[in-house]
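Using the sequences and the hints given, assemble the complete structure.
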Amino acid sequence: MKEYHHLLPLATGYFGASSALYDFDGLIVVYGPAGGAWHINIEDEPRWYRGPATVVGAGLLEMDVILGNDDKFINNIVQTAKQLDRKFVALSGTPISEIIGTDLKGFAHTIEARTNLPVFMVPTAGSEPYPEGASKALLALADKFMDDSAPKVANGVNVLGAIHLSTGKENHLEPLYRGLIQQGYELLSVMSSPCSYVENPLEGFCRAPGAAINAVVSTSGIKLAQEMYSRYGTSFIVGMPVGRSGQDCFFKYLKGETYACESRVSGAGYRHAVVVGEPVLSYGIKHSLSYDFGIPEIDVVSVVPSEELFSEIVGCKGIMAEKGAADLDTDEENIIRQKMNTPDVDIVIADPCYKALLESEKRFVCLPHTAMSARANWDMPYEYVGEEGYNYLSEHM
Amino acid sequence: MNLDNAGIRLADLKQKSDFPFAPLEGVGPNLAGWGVIETCLLLPQSIAVMVGPSACLRHSAFMAHARGFTDRFYMLCMSELDMTLGNHLENIERGVADIISRRDEKVVFLIVGCPDYILGTDFTGVISRLEKSTGRRIILGAMAPITIGMKESPFTSAYTSFFEFLKDKDRDSSESVVNILGTFMPLPESSELYQVLNGAGIDKVLQIPLCRDLDEFSGMAKGTASVVMHPLANGLCGKMEKEMGIQSCFAPMSYGFSSIREQYDKIGGAIGCSFELDELEKSAGEKSVEMFKMIRGKKTAVGCSINGSPFELALCLLENGVDVETLFARGTIKPYEWGLMDNLRKIKPEIMVYNASHPALCGKTDPFDSIELAYGVDAGMYCKEAVNVPLSRYQEQAYGYEATIWMLEQTMEAMNNPVRNYDWIYEHDFLI
Numbered sequence: 001m002k003e004y005h006h007l008l009p010l011a012t013g014y015f016g017a018s019s020a021l022y023d024f025d026g027l028i029v030v031y032g033p034a035g036g037a038w039h040i041n042i043e044d045e046p047r048w049y050r051g052p053a054t055v056v057g058a059g060l061l062e063m064d065v066i067l068g069n070d071d072k073f074i075n076n077i078v079q080t081a082k083q084l085d086r087k088f089v090a091l092s093g094t095p096i097s098e099i100i101g102t103d104l105k106g107f108a109h110t111i112e113a114r115t116n117l118p119v120f121m122v123p124t125a126g127s128e129p130y131p132e133g134a135s136k137a138l139l140a141l142a143d144k145f146m147d148d149s150a151p152k153v154a155n156g157v158n159v160l161g162a163i164h165l166s167t168g169k170e171n172h173l174e175p176l177y178r179g180l181i182q183q184g185y186e187l188l189s190v191m192s193s194p195c196s197y198v199e200n201p202l203e204g205f206c207r208a209p210g211a212a213i214n215a216v217v218s219t220s221g222i223k224l225a226q227e228m229y230s231r232y233g234t235s236f237i238v239g240m241p242v243g244r245s246g247q248d249c250f251f252k253y254l255k256g257e258t259y260a261c262e263s264r265v266s267g268a269g270y271r272h273a274v275v276v277g278e279p280v281l282s283y284g285i286k287h288s289l290s291y292d293f294g295i296p297e298i299d300v301v302s303v304v305p306s307e308e309l310f311s312e313i314v315g316c317k318g319i320m321a322e323k324g325a326a327d328l329d330t331d332e333e334n335i336i337r338q339k340m341n342t343p344d345v346d347i348v349i350a351d352p353c354y355k356a357l358l359e360s361e362k363r364f365v366c367l368p369h370t371a372m373s374a375r376a377n378w379d380m381p382y383e384y385v386g387e388e389g390y391n392y393l394s395e396h397m
Numbered sequence: 001m002n003l004d005n006a007g008i009r010l011a012d013l014k015q016k017s018d019f020p021f022a023p024l025e026g027v028g029p030n031l032a033g034w035g036v037i038e039t040c041l042l043l044p045q046s047i048a049v050m051v052g053p054s055a056c057l058r059h060s061a062f063m064a065h066a067r068g069f070t071d072r073f074y075m076l077c078m079s080e081l082d083m084t085l086g087n088h089l090e091n092i093e094r095g096v097a098d099i100i101s102r103r104d105e106k107v108v109f110l111i112v113g114c115p116d117y118i119l120g121t122d123f124t125g126v127i128s129r130l131e132k133s134t135g136r137r138i139i140l141g142a143m144a145p146i147t148i149g150m151k152e153s154p155f156t157s158a159y160t161s162f163f164e165f166l167k168d169k170d171r172d173s174s175e176s177v178v179n180i181l182g183t184f185m186p187l188p189e190s191s192e193l194y195q196v197l198n199g200a201g202i203d204k205v206l207q208i209p210l211c212r213d214l215d216e217f218s219g220m221a222k223g224t225a226s227v228v229m230h231p232l233a234n235g236l237c238g239k240m241e242k243e244m245g246i247q248s249c250f251a252p253m254s255y256g257f258s259s260i261r262e263q264y265d266k267i268g269g270a271i272g273c274s275f276e277l278d279e280l281e282k283s284a285g286e287k288s289v290e291m292f293k294m295i296r297g298k299k300t301a302v303g304c305s306i307n308g309s310p311f312e313l314a315l316c317l318l319e320n321g322v323d324v325e326t327l328f329a330r331g332t333i334k335p336y337e338w339g340l341m342d343n344l345r346k347i348k349p350e351i352m353v354y355n356a357s358h359p360a361l362c363g364k365t366d367p368f369d370s371i372e373l374a375y376g377v378d379a380g381m382y383c384k385e386a387v388n389v390p391l392s393r394y395q396e397q398a399y400g401y402e403a404t405i406w407m408l409e410q411t412m413e414a415m416n417n418p419v420r421n422y423d424w425i426y427e428h429d430f431l432i
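If you read the protein sequences in the order shown, they are chains Z and E.
To convert, note that position 121 of the first sequence is 121 in the working numbering; the numbers rise steadily by one, no gaps.
To convert, note that position 287 of the second sequence is 287 in the working numbering; the numbers rise steadily by one, no gaps.
Rather than coming from a laboratory, the hints here were simulated on the basis of the structure.
None of the values given here were measured: they were computed from a predicted structure.
Glycine included, each C-beta is placed from N, C-alpha and C at the ideal position.
Don't take each hint at face value.
Far from chain E, some chain Z residues (derived; all Cβ distances over 10 Å) [as the list claims (entries may be wrong)]:
hint, residue
1, E43
2, Q83
3, S127
4, A260
5, I319
Covered by chain E, per the in silico footprint, the following chain Z stretches (three or more residues, Cβ under 8 Å) [as the list claims (entries may be wrong)]:
hint, segment
6, 10-16
7, 47-54
Here is the structure:
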């Protein structure tokens, strides 16, 4: 049991699935009561505003659960999917479908037969970390859409794990895409935020097996990267190129080279930092704090599981994450509060929500995490990638 | 998806089954309104502890934080497996006891979500042990959208549960107390209703959001009558009437002069007096005439997220020369609104009424580009070229003729200094 008071519980599985699939022109049906999908849209998915319906709710009611009104929902989904003219339908589970054991896989088969659309289910519930739902959604989409015979592109690269719950608004990754193009790469697919270099996201996804390498920018993309290595032999790196040193490291790893870390101390003057957030980005921040700003002690609190980063991953050419002895995996409010308020910690970098946990004056640098504060900081100006990230950190530290 | 699926001409909307059915819940702003947590926490000296899977907690937490209840709202996160096996009860008992030990409030609302509701989890033992060991009152409630459409919604149930703090109180009604029920934002002391009631000799008016503690709240037991401004309070006033003999009347906030007079008549009937309203109506008429002139003939849409009934506001606007073209409603059209629709239909039967949550509406803004004035943030979302006037129940509470003036002043303000619908939703939290 976790107790929350000042903070929000993090987004969970079906939020992750919705985030991962949002940009591919499908229809995502959250199989639960009306409130589930509505809250995703109004809080966690600001891209919905005045846009076409992407995440919709099944509107499950008590009597439907008791009586097992499966036909009614199958008919409703079929009717809506046909009339909205979408590329696929994804059914995402909720605590209710989990508890009553709804056969969403069976639903998917039936709906596929009746719509001639690709239909799949994502086995989500309501307590798991959101990257789990995102990973499952991307794997399911890959099963349906990845073209095993896609032409090989020697300088082709895919970006995996760019889900908005982890990486925020699409513009934050623009320096990454620009950097890849400048380095001579062709961007085949971005999973899953819109990107000016990939005209049709779903077509790009189909062509993704043609890439020479995958760049995984959040834990949500690791499982798909492993799957693509197993199916297509596509190797990958894991990391977010935060700041100047992070960017250098990222491109060295991408080319299969080693990176010799050099501290480029800018005299930030802090002794002990705590970074709270999604692990890949947080370790990217740690890299920058260490090598761009010379902070000697940096602890990372991963609010979603980070163990995948530190286990042996077949096909991985490089991981931009250095585990520290005092690092933690937890999203529990009280543990994070204790960590942030450790007396010698003099700077905290985290989503603005966490500021409520500070008990004394410390430098607090805002780095929004959409899976935590949702739309509250969606429009906030901040950066983390490359030179823009360096400038943001430099300005706010 | 054809937009026609989502709407119906007012001329053809005569019963609930005529209202366009949404095969799936779209991303429309269909659920704006009262939440269970904020309803519970209207009761003074209370805290809420919500238990359930973190997805459900996250949904409710947004509402609680947006309404400023962070300090009185706790969440205990449970896994689906533990809930199914009933293993969570022990954790809940321990967690609630721990929270109570850090708080002074006398009442704890233990709020469960859809999973516990569906599983039929029995909290009787947990509650009775907690009440015994802590001396606090524990009230079980449900934040369970799966129960939508039931005879009494979870919101109404939460509000009705306040009866527990009234039923055993002294019933001496010599003080001429009038209770106002169903408001979230309180009426200000300077409000017209206070003046009208004072004029009729009522010197004590109680509103729940203004009660500092349970003692003050329990003063409602001395009520001469209760004025219900929102159907949410119908359960509570029903019990107060049946079991305590406190007369009540349903007199919702209205914008049109004829409706306002009708509401005042109902209040007078419940209290047993009549009000002198001519001067108030005359003064409001004089104040409003120029402002109505400014919006006369404007193509207008009215949504269901406004304080009051969209049908009543539409009627008021039409009667004053405003060209209402479109309404956005929910499936839960209230019983008293069918009469308003009859009147509206006589004036302009071609008005289109859309189901705000229909997926066919999502992404469709072009058909509403001609709308110049949109009341309610839900209407403003679809009418992107319109001046958006939220008239949100979270702004302030007005009543009587001052509600008409408030509506018009808000309109003038929005026309002179328009605020983006996006900002109403995301910066002012007017959609949740």
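For this structure, which hints from the list above don't hold up? When the structure is compared with the hints, numbers 1, 2, 3 turn out to be violated.
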